[in-house]
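Residues per chain, in single letters:
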Amino acid sequence: MSHDHGAGGHHPGELSDGEVRARALESLFREKGYIKGNVVDEIIDTYTHDIGPLNGARAVAKAWVDPDYRERLLADATSALKELGIGGLQGEHMVAVPNTNEVHNVVVCTLCSCYPWPVLGLPPRWYKDAPYRARVVREPRKVLAEFGTTLPAETNIQVWDSSAEVRYLVVPQRPAGTEGLSEEDLVPLITRDSMIGVTLPSVPSEAVAK
Amino acid sequence: MIGIHDMGGMHGFGKIDTVDNEVFHEPWEGLTFALEKLCAHYGVWLTADEVRHAIEKIGHGTYLTASYYEHWLHAWEPLLIEKGFLTEEELRSRQQAVRDGVDVSVQGPPTTQAEIDELSKALAKTIWEGVPADRKIDARPAFSVGDRVVAVPRPVPTHTRSPRYIWGHTGTVVISHSGYILPDAVSQHLGENPEYLYSVKFEGNDLWDDQAEPGTHFIVDLWESYLAPAGTTN
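Chains as they are written, first to last, in the numbering used here: chain B, 23 to 232; chain E, 3 to 236.
Isolated chain B, as found in the complex (with noise of 0.2 Å):
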């Protein structure tokens, strides 16, 4: 992906203002030999390939069937979390906050966008844009509502806004109806969205059923 996917093919014009500076940062860095062979490539697909959400998901999964690793995970997460070999790059510091039916957490960094990136993968667009930092910590309950998830009025909301290199990660409830899933089959049910606390675990239609 790095060396052969130069401006060829596109018509002037046509390149996003981002593409031009990526572009010539790219050609300059490897003119200079910053770049060397296809470490460029390997970054992009240590990133899209080896972290990603699926991490935390195994890691709220086993919490929720193994009540030793969760107080592990609530008490310290950044230790927990490496018993699953998950760390690294902006995970360096994480703390584990439970929902409960009193309290569900949310996060959002309102400076920049800092996110556990070792444990959810990167951010989602959304999470970077202007309208989740500016309102999340402001009107969080209008906010959950346009991700779809409507809270009763008798739970608390608490925001943690990032500001510092502790990165958050939100422990949701496991869903009514699952207590026959092992925990290989949690782990589907927990998305990203759970894991940053603007939406809540998913519930399998067959588990509804029973």
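Any given hint might turn out to be false.
What the hints assert, rightly or not - Derived list of chain B stretches under chain E, where covered just means 3 residues or more per stretch with a C-beta under 8 Å from a C-beta of chain E:
1. 39-53
2. 106-115
3. 131-141
4. 165-176
5. 180-192
Claimed, not checked - Estimated spans, in silico, between C-beta atoms of each pair:
6. E:Ala116 to B:Lys104: 24 to 32 Å
7. E:Ala144 to B:Gly59: 44 to 52 Å
8. E:Gln98 to B:Gly59: 24 to 32 Å
9. B:Ala198 to E:His27: 31 to 39 Å
10. B:Glu36 to E:Asp19: 17 to 25 Å
I should point out that these hints are in silico values taken from the structure, not numbers from a laboratory.
Ideal placement from N, C-alpha and C gives every residue a C-beta, glycine not left out.
With chain B held as given, fit chain E onto it using these hints.
Here is chain E on its own, set in the frame of chain B:
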């Protein structure tokens, strides 16, 4: 600094486009992400806060109209030039070449497999091991969990990580973290100057008056020098 990046609580941004499941939307976004790792590796910036401050300085118009990865590129260019990695002229003429549809794929200087492996290993180490920002402090923390604290206004023209929407408001310490590098100092090359960090909880009613939604609370991570004791009201 008081800038457009500090957008917590601002009105007028409209609805959220809530669906996005792509890691990179265009190949150049992935490229930009990878270039960021390379810039960090070569010391174009030394800390996250140096690059955050560079993004804060790209201009309010650009900040609002450019995309997330465009912010990065706008922010790096002055740093790359200032630190001698490339010249303004090189950059502008190469950008023009890209715009004109010239093939800018170039051959780098000769390199050995050992050099390639070394760079690849160094980047992987950063990605998988991270760059911890916590530091040991000998002094005792000034605040403990349960303390009432005021977020002192920080209207500095330089980098700070205290968002404006909490300035002057009183909250409660809910987590006492260890020492962390102080962004204000390190972004200005004044050393790490670590301070204790706290998660401080503010009530919606206190921040937003009669506009607050019921039962909403806001927790912000704040360094010790951003806070003052809230007196004896606790």
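Each hint tested on the structure:
no. : hint                             : result
1   : 39-53                            : holds (count 15)
2   : 106-115                          : holds (count 7)
3   : 131-141                          : holds (count 5)
4   : 165-176                          : holds (count 6)
5   : 180-192                          : holds (count 9)
6   : E:Ala116 to B:Lys104: 24 to 32 Å : 31 Å, holds
7   : E:Ala144 to B:Gly59: 44 to 52 Å  : 50 Å, holds
8   : E:Gln98 to B:Gly59: 24 to 32 Å   : 28 Å, holds
9   : B:Ala198 to E:His27: 31 to 39 Å  : 36 Å, holds
10  : B:Glu36 to E:Asp19: 17 to 25 Å   : 24 Å, holds
Violated hints are absent here; each numbered hint is respected by the structure.
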